[in-house]
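Starting from the known structure of chain A, fit chain S onto it as the hints suggest.
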Amino acid sequence: KAGVTQTPRYLIKTRGQQVTLSCSPISGHRSVSWYQQTPGQGLQFLFEYFSETQRNKGNFPGRFSGRQFSNSRSEMNVSTLELGDSALYLCASSPQRQDYGYTFGSGTRLTVV
Amino acid sequence: GENVEQHPSTLSVQEGDSAVIKCTYSDSASNYFPWYKQELGKRPQLIIDIRSNVGEKKDQRIAVTLNKTAKHFSLHITETQPEDSAVYFCAASIGGSQGNLIFGKGTKLSVKP
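Chains A and S supply the protein sequences, listed in that same order. Its first residue numbered 1, the first sequence is counted upward by one per residue in our numbering. Its first residue numbered 114, the second sequence is counted upward by one per residue in our numbering.
Same shape as in the complex, but just chain A (with noise of 0.2 Å):
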């Protein structure tokens, strides 16, 4: 059974760009959230999408959007970048809820210079 597929792994964007990344939940999974992570703040959560549906959202500002498909597959969007946005970006999966069965992927490393 396949994991959590996230794409790309690195990427290094200027000031200003746009960056999308991708996540591709375990097969059966609906739910699909995502997360910033930098040192010392943990695991700072962005939003959660469930069958299509924006489900949750944390406190980020609207430059942080996302959108999930049929397929449940998720992408998410960060505009005007800008040189705090550099972290790791996680996403976790799971058939419905966090609290069962909730898997995370190996991340997008994003570096704003």
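In case anyone wonders, no lab produced these hints; they're calculated from the structure. Be aware that one or more of the hints could be misleading.
As the list claims (entries may be wrong) - Capping the alpha-carbon separation at 20 Å, the derived lysine to aspartate or glutamate pairs in EDC-like fashion look like this:
#, chain 1, residue 1, chain 2, residue 2
1, S, K221, S, E118
2, A, K57, S, D140
3, S, K218, A, D85
4, A, K57, S, E115
Chain S only, in chain A's frame:
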């Protein structure tokens, strides 16, 4: 809002010693408490979890204890080994939600040979 506090932020032990990481949570309706281990450069992985109908759960060298009255739970690792070195995250579910998890900021455990 709901939060999870995790202590200590860093922990260094000698190989063979025990390690204890503690978390407190604010939402009295929380009923699911997982622990994740994140090795350097890898994804967080679930190592053990506990639900509020039990007070303790063990899996070989690791154990988790839960005190719902005091709203805290702890991870215990006995006979530590160098491969236990990693960042450990605790989490608690938010009551009344779709099982959404709030994570602590993590504990960096170093096991010295």
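A quick look at each hint next to the structure:
no., hint, in the structure
1, K221/S <-> E118/S, "holds, 14 Å"
2, K57/A <-> D140/S, "holds, 19 Å"
3, K218/S <-> D85/A, "holds, 18 Å"
4, K57/A <-> E115/S, "holds, 14 Å"
In summary, the structure agrees with every hint in the numbered list given earlier.
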